[in-house]
Amino acid sequence: MSHRRRPSTGGRSQGKARVELNLTPMIDVVFQLLIYFLLGTSFAVGEQTFRLDVPDRGDAFQVDPFELDVTPVVVKVAGEGRIRVDGPWNGPVHVEALTTFLEARRIDRGGLLPIDTPIHVDPLPGVDWGEAVEVFNAAVRAGFESVGFIDASSGANR
Amino acid sequence: MSAVSKLDVGRPVRTGANLTPMIDMTFLLVVFFVLVSRITAVEQVPMELPVPRDPAAGAADEAPRIVVNLVYDDFADRRRATLEQRDFDLDVAGVDSLETEVRRRLLETPELQVNLRADRRLPYSTVSPVLEALGRSARGTGRPDGVRVNLVVIDEALATGGEDA
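Top line first, the protein sequences correspond to chains C and G. For the numbering used here, add 426 to where a residue sits in the first sequence, where the first one is 1. For the numbering used here, add 212 to where a residue sits in the second sequence, where the first one is 1.
Okay, chain C solo, but in the shape it has when bound (with noise of 0.2 Å):
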């Protein structure tokens, strides 16, 4: 910015103050700030995490035969919504209905599983990976603590 005045001598502009504001500055931090912003929030955009403990079940797995033997909830995924709960108990068969039929079972509400209860995921070869998080995703909201795939991340936490 230039505030300056100069003596008069006699010409009609030499006799007027030059007021004028240097904007560049300011617009290159705007941009850099809508850069920042804008990178900073698209990376992320609704991405959540289920966390999973995948064990190592090859050849040199090994049981622990003190470990009590605690028997796991499968339940079933056909596709297209449909699942299945194997055990004695008249299980639901679509998805939508798997997370309060666990609700009701966790000793803390009345029913005969701990929490800890391992619940294992067990989808048909040719069912979708959205509809096997599906499932899932409805037996971690139930509050179990230990849910998993059956063939690759069973006894895995959230």
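Derived by calculation from the structure, the hints in this document are not laboratory data. We put the CB at the ideal spot given by N, CA and C, even for glycine.
Restraint-style ranges between C-beta atoms, simulated for each label pair:
{"id": "1", "chain 1": "C", "residue 1": "I453", "chain 2": "G", "residue 2": "R316", "range": "45 to 51 Å"}
{"id": "2", "chain 1": "C", "residue 1": "E571", "chain 2": "G", "residue 2": "V242", "range": "42 to 48 Å"}
{"id": "3", "chain 1": "G", "residue 1": "P224", "chain 2": "C", "residue 2": "I461", "range": "37 to 43 Å"}
{"id": "4", "chain 1": "G", "residue 1": "A271", "chain 2": "C", "residue 2": "L447", "range": "41 to 47 Å"}
{"id": "5", "chain 1": "G", "residue 1": "T227", "chain 2": "C", "residue 2": "Y462", "range": "34 to 40 Å"}
{"id": "6", "chain 1": "C", "residue 1": "A504", "chain 2": "G", "residue 2": "E368", "range": "21 to 27 Å"}
{"id": "7", "chain 1": "C", "residue 1": "E529", "chain 2": "G", "residue 2": "A271", "range": "22 to 28 Å"}
{"id": "8", "chain 1": "G", "residue 1": "D299", "chain 2": "C", "residue 2": "Y462", "range": "27 to 33 Å"}
{"id": "9", "chain 1": "C", "residue 1": "I461", "chain 2": "G", "residue 2": "A369", "range": "25 to 31 Å"}
Could you slot chain G onto chain C? The hints should help.
Showing chain G alone in chain C's frame:
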């Protein structure tokens, strides 16, 4: 070219280049290329992630992690896994290579986690061998609990009007 000031008659014209805009533009370009190159190389693979209803998932923590993408294609033999800039076929040999690469990185970084971004259209029979391979990659790395895998999903409530993947 006139070299006489109209304001300060008789004085020489002061000439000088204002370098500020050029420096600003340079920094902008540097920031742009650094960020864009990192994003495209590491994480941003276009895909449709699972969108469960009312997800119980949480935000990822700040632990070091690698990102394994499982990319869908209409042709099954073109589906592949990507880890940073490497592509892996989803056949037996490709999954074994992925396992070896993940194990190498687990040995380098003890607290490393794996983010698994799998397209929701993939059949479970494609994702399951990769999950098992990630579990096997813990072998020899001193991890009794196995590998921490973060299944990445989309929370529609958070993705307000955003992209789908």
